Amino acid sequence: MKTLRLIITIALLIPLTLMAQKGPFDDLFSKYCDSEDVTSIMFSLDGLKIHFADAEEGELGNLINQISKINILKFENHYKSFRESDFYKEVNTIIEKNNYEQLVDVKSGDENVGIYIIEGEAGLVKEGLIIVNEDEEAAIISVRGNMKPADFLSMHSHMPHFYGKHDYHKNYKHR
56 MKTLRLIITI ALLIPLTLMA QKGPFDDLFS KYCDSEDVTS IMFSLDGLKI
106 HFADAEEGEL GNLINQISKI NILKFENHYK SFRESDFYKE VNTIIEKNNY
156 EQLVDVKSGD ENVGIYIIEG EAGLVKEGLI IVNEDEEAAI ISVRGNMKPA
206 DFLSMHSHMP HFYGKHDYHK NYKHR
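What the sequence shown shows, in my numbering, is residues 56 to 230, in sequence order.
Think of the hints as simulated: they come from the structure by calculation, not from any bench. This one's a predicted model, so the numbers in the text were calculated from it and none came from an experiment. Misleading hints may appear alongside valid ones.
Claimed, not checked - In the DSS-like style, the derived pairs of lysine-lysine whose C-alpha atoms are separated by at most 27 Å in a straight line are:
| no. | residue 1 | residue 2 |
| --- | --- | --- |
| 1 | Lys77 | Lys203 |
| 2 | Lys86 | Lys144 |
| 3 | Lys181 | Lys203 |
| 4 | Lys86 | Lys181 |
| 5 | Lys144 | Lys181 |
| 6 | Lys77 | Lys124 |
| 7 | Lys86 | Lys129 |
| 8 | Lys124 | Lys203 |
| 9 | Lys152 | Lys203 |
| 10 | Lys129 | Lys152 |
| 11 | Lys129 | Lys144 |
| 12 | Lys181 | Lys152 |
| 13 | Lys77 | Lys162 |
| 14 | Lys162 | Lys181 |
| 15 | Lys203 | Lys129 |
| 16 | Lys152 | Lys77 |
| 17 | Lys124 | Lys144 |
| 18 | Lys181 | Lys129 |
| 19 | Lys129 | Lys77 |
| 20 | Lys129 | Lys162 |
| 21 | Lys162 | Lys203 |
| 22 | Lys152 | Lys86 |
| 23 | Lys152 | Lys124 |
| 24 | Lys162 | Lys144 |
| 25 | Lys124 | Lys181 |
| 26 | Lys124 | Lys86 |
| 27 | Lys152 | Lys162 |
| 28 | Lys181 | Lys77 |
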């Protein structure tokens, strides 16, 4: 009888593990989240949905309902340039290996902003990646879900402190 319960329990849990699929950057976030020069942030979308319940019908609520996970890593090393770090090399390898499409590349002095996506079904953004770096500092924001491209690119209006107030989404034309 205990064996039967165990088998039934395992059978019920298998779909849950399949639903919690990992994204290309999950291993990188896990590897570096406790590093000395890295600050990591992970947003609980259930908590955000509760917090922004009043905004559910507005633009912000619509965006939150399209997102399943947000991870942020901030790299800061006063001794080594970000572009010379192993972390930077791993980021570029993941971008190339997973065929991210670069939507935006902004360079201003020694500051760079890159926005990349992996397109999912029906033209929705499956994962969006925002990389902001300057010499020895960088921030990587990974946003997963099923987002309309314009909604993903308009995130900056809700989080301007992450990477500035540029109107990237106005120039994006979906194929």
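Which numbered conditions among the earlier hints are violated in the structure presented, ordered from lowest to highest? Of the numbered hints given earlier, the structure breaks just one, which is hint 13.
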